[in-house]
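Work from the hints to combine the two standalone chains into their complex.
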Amino acid sequence: MGFINLDRISFNPLLPEVKQVMIDAINSDLHNPSSQHKAGEQAAEKLADARQQVANLVNAGNAKEIVFTSGGTESVNHAIKGTAMANREKGSHIVTTNIEHNAVLRSIKRLSNQGFKVTSLPVDAAGRVDPAAVEDAITDETILVSVMHSNNETGTIQPIAEIGEVTRRKKVLFHCDAVDSVGVVPVDVEKLNVDLLSFASNPFSGPTGVGGLYIRRGTRIFPLLDGGVQENNKRGGTENLVGIIGMGKAAELAVQHMEERIGQMQALKDYLAEQLPEYIDEYIVNTDPAHSLPNLLNISLKYIEGESVMLMLDEENLAVATKSACATGSLRASHVLLSLGLSHADAQGTLVVSWGSDHTRADIDKFLASLAGVVNTLRSMSPLYQKA
Amino acid sequence: MFEKHNQTNDERVEESAMYNQVVMDHFKNPRNVGVIEDADGVGEVGNPLCGDMMTIYLKVDEDEKISDIKFQTFGCGSAIAVSSMLTELAKGKKIAEAREITNKDVAEALEGLPKNKLHCSNLGADALHMAIQNYEDKKAGVTREPEERQEKHEHGEGETCYCPYCDVEISETAEFCEACQRDLTEEH
Chain A
1 MGFINLDRIS FNPLLPEVKQ VMIDAINSDL HNPSSQHKAG EQAAEKLADA
51 RQQVANLVNA GNAKEIVFTS GGTESVNHAI KGTAMANREK GSHIVTTNIE
101 HNAVLRSIKR LSNQGFKVTS LPVDAAGRVD PAAVEDAITD ETILVSVMHS
151 NNETGTIQPI AEIGEVTRRK KVLFHCDAVD SVGVVPVDVE KLNVDLLSFA
201 SNPFSGPTGV GGLYIRRGTR IFPLLDGGVQ ENNKRGGTEN LVGIIGMGKA
251 AELAVQHMEE RIGQMQALKD YLAEQLPEYI DEYIVNTDPA HSLPNLLNIS
301 LKYIEGESVM LMLDEENLAV ATKSACATGS LRASHVLLSL GLSHADAQGT
351 LVVSWGSDHT RADIDKFLAS LAGVVNTLRS MSPLYQKA
Chain B
1001 MFEKHNQTND ERVEESAMYN QVVMDHFKNP RNVGVIEDAD GVGEVGNPLC
1051 GDMMTIYLKV DEDEKISDIK FQTFGCGSAI AVSSMLTELA KGKKIAEARE
1101 ITNKDVAEAL EGLPKNKLHC SNLGADALHM AIQNYEDKKA GVTREPEERQ
1151 EKHEHGEGET CYCPYCDVEI SETAEFCEAC QRDLTEEH
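Same order as they appear, the protein sequences are chains A and B. Mapping to the working numbering: the first sequence position 273 is 273, numbers consecutive. Converting from the second sequence to the working numbering requires adding 1000 to each position, the first position being numbered 1.
Because the hints were derived from the structure by calculation, they are not lab data. Every residue, glycine too, gets a C-beta built ideally from N, C-alpha and C. Hints may be right or wrong, so weigh each one.
Unchecked claim - Straight line, CA to CA, 30 Å or less: simulated DSS-like cross-link-like pairs of lysine-lysine:
id : chain 1 : residue 1 : chain 2 : residue 2
1  : A       : 302       : B       : 1115
2  : B       : 1070      : B       : 1139
3  : B       : 1115      : A       : 109
What the hints assert, rightly or not - With the Cβ distance kept under 7 Å, some of the chain A side facing chain B (calculated, not the full set):
id : residue
4  : 262
5  : 307
6  : 308
7  : 325
8  : 348
9  : 381
10 : 382
11 : 383
Unchecked claim - So the derived label-pair ranges between C-beta atoms look like this:
id : chain 1 : residue 1 : chain 2 : residue 2 : range
12 : B       : 1097      : A       : 289       : 48 to 58 Å
13 : B       : 1112      : A       : 125       : 57 to 67 Å
14 : A       : 13        : B       : 1029      : 53 to 63 Å
Bound-form chain B, shown alone (with noise of 0.2 Å):
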């Protein structure tokens, strides 16, 4: 129990919530910013859980190799950092290659996140992945109604959950934490 208790109390001191320097850098000057207006594929995604957006435009040239990349996203310090991210390990890449490109390769390449914004790099490849879809039906002459398009996004891969009262990992559907004994009727 007391062992329990210590370890839980380490992980918090280590995993602070402020940003890591890599996060600023990318917080602080974003790469690829704005709208491709010809873009070969548009992907948008929305996070209900905190409210952020964001969109990604590709343009693919005939290598099928991402020769332009840019974001747009409403979000916080991390979600800005992560599209900021995600664009620079998408850029240059072939479709292939950057259709691989996980939400972990998106923190690990951030050098990590605050655990409570873990989710925000969902959101990244996500936007990804639907812009690559959306370029490959236009090639394939598929057409989507715009609500197909816009994926929503939810508990997901990757994710996990938190006691909003410890901060301590929690089963997505725990109805009260373990460690501290409250009730989490309310999603978490």
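Just chain A, with the same shape it has in the complex (with noise of 0.2 Å):
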């Protein structure tokens, strides 16, 4: 039987033309785009193309305002810790969510121990922010604030752009984690009024180990690493040219195909939640059904835990996420369920089920078979559920 990947928030394979893009600049040698003579101009011009591809994907006026990482949580440590430093002279406050992910946690919790004060606003029960608490969280000590796009556990899409208005009008740097975001929905830096953007190349099918990092023009930042005069000055290091070149084919690729995609993954979401009480009850859908990605839905199995979920949905050959405390390293249950107000019990149970455009129903029927039968085997050794 093969196997079905219904964990793509964790990993997408290659595109077969970017993995073709990839294979023809290894076979080409490129030479280093920082050398001045012809073989130096001409890995420069493969790495301003993907810098245009890219910067066309999320309408950055100015393919300079692109920067280069080595993935998603480079740039969110770039952004944040880069503007914090580079501003602490304006103010030492940052304004941002209990839902974030980790990269922006963590380095928000790092410059906190710093001496940066940090106000981390509540999420309601669908998991959005309010952006009339951003405007009251905003004091004159802030000089940043950072919200996520959409939320990597629930896929639930936040009200970037109202918060954007709120952060021109206060003249407040405002950075959004949009990794899971970018190049699977319409991101656009002039709607969304953002100053910084953080996305990685692998959620739209590029390789791993690349990202970019969105720096509207004039914005106060440092690098992240000193070194060269590489990335505009931005990021030292010679670039991952590889990487980038396919990153680019996979941001042109998703340009052209991004509405089709959508639609393809959407109606496999109307489908996976419209089929789902067909097989199991007692679950809470955790994904704000109005404003949230279409490939990703988080749900709750009420009486058993995800892990356990998870091993014995792996024995069938189906890759799903868990959220539960016991399929972390550190044991706790996810901020983002409990953010959510989920009780921790409810929050054991969690799936993250993610697919793409080229799922199919059939796949989503096998899933929906497989995970019928593991909730029945899991709960009829439960005690949670013989008590209810």
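As structure tokens, then:
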């Protein structure tokens, strides 16, 4: 039986066209883009082409506003630590939310240990932040607001454009962690009013280990990696050109096929949500139906624990992700799920199911049939289910 | 400094987060799952650290031997495997012998657990000891309030804390990790 990857939020295979441009790039032994001879110039052209392809994806007015990084985590660290350090004399207050990815949470935690003050905003039951709360949290000391575009656990999308309007008016820098959105749904830095936008290549089927940071022209920011003058002086170090070329191609394809892919993925999401009650009962959908990614559904299965579900589905060659405390190294319940108001017991049974536009209804059917069996098995041995 | 760092890395390679074959076998084919309606002793424990819960049911014969044992568990692969192995270890034993079963015995019988899952084995022995206590209370005519019977498992013997950031062993009261210099103000 074939392997079905319904854990696309963790990994997307490279598209064939992306693989091809990367193989070609390896075979052509591209030189260092910083070198001033002809071979270097050739490499620099490839780099510039990829930068333009990526700029088009997020609608950056100038391709120079794109900095290539080693992925979403570096982009986020650069955006937050780089602006905090560069703007410290203006103030030391940062506003964020309770549901950010660890890259944001821990970057900000690091800064708070260094004396920065932090206001972290709650979300409503749907998992969304109120732009008015952002406005209220901003003080004269505030130098940065950081809010994610879509949540990596629930897929719920935040009102970024509305928050951007607030930060623009208040003249505070606005960073958006859009790692799980860019290349999947339309993300336009002009419409969103963001100053900094973090993203990665793999969510739109480009290579892992490559990402981008959009830095609006005129933004005060220090490099995270000091070194040479690469990336318009914003990131030292010779570029990962093969990866960047792959990311550029993936970005071009994402622009071309976005609408069609969204249609296919949303159809699968609707189908999954509609079929679920035919297979299982007593579950909670944690993804806001009105504002969310088309490729992900977060469900909490009552009375059972997510790692057990994940392992049993794995036995049937189905990969899903879980947000159970037991499956994390730290053994703590997901801060995102607790922020939504879920109980610890319900958070324990949480699965994150995610797919691509190449999945089919048959894949979803197979998943549902296997899930129903696993849920029955685990509930039959759960002391909580017997009592309910 | 360097030596210490290398040692840490080696430990991490050895103690992978994956379960071994014995654990997977007990997880996939758990022994003694279920409820004994007319049980002679029942023990329930919950572990607030990771949200696991386990109930153990005992049937004890006239020779003070555990003639039947069943379990119900809400928890991860490790918690289910631990429950299953625990019931196998206790079945057929005299009460006095079963009382001697430790968390370490269960983990060893499973040929090891990933170290961040070792605390799941505490659940198993605790539930068994609670069930034995319940059996002996019944025999002696002692009645306890339900709250008294339900042990809330806290950091217990044999349980070690690890830094959630770098996985190095730390003391229970540490406020920061010496290995990675991270702040550890939250529970660990």
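Going by Cβ atoms only, is residue 381/A closer than 7 Å to chain B? holds, 5 Å
Can you confirm whether the C-alpha distance between residue 302/A and residue 1115/B stays at or below 30 Å? holds, 27 Å
Do the Cβ positions of residue 13/A and residue 1029/B conform to the proposed distance bound of 53 to 63 Å? Violated, since residue 13/A and residue 1029/B (Cβ atoms, about 33 Å apart) do not stay within the stated range.
Using 7 Å as the Cβ threshold, decide whether residue 308/A counts as touching chain B. For residue 308/A, the interface hint holds, since the closest Cβ of chain B sits about 6 Å away, which is under 7 Å.
Restraint check for residue 1115/B with residue 109/A, where alpha carbons must lie at most 30 Å apart: holds, 27 Å
Under 7 Å is the threshold here; is the Cβ of residue 307/A close enough to any Cβ of chain B for the hint to stand? holds, 4 Å
Check the following: the C-beta atoms of residue 1112/B and residue 125/A are separated by a distance inside 57 to 67 Å. violated, 42 Å
Interface hint compliance - residue 325/A to chain B, C-beta minimum distance less than 7 Å: Hint holds; residue 325/A Cβ to chain B Cβ min 5 Å, cut 7 Å.
Does residue 262/A pass the interface check with chain B, least Cβ-Cβ distance below 7 Å? It is violated, given that the least Cβ distance between residue 262/A and chain B is near 35 Å, above 7 Å.
Are the Cα atoms of residue 1070/B and residue 1139/B separated by 30 Å or less? holds, 20 Å
Quick one, is the residue 383/A hint okay against chain B at 7 Å, beta carbons? holds, 4 Å
Is the hinted range of 48 to 58 Å satisfied by the C-beta distance from residue 1097/B to residue 289/A? holds, 56 Å
Of the numbered hints stated above, those contradicted by the structure are hints 4, 13, 14, listed in ascending order.
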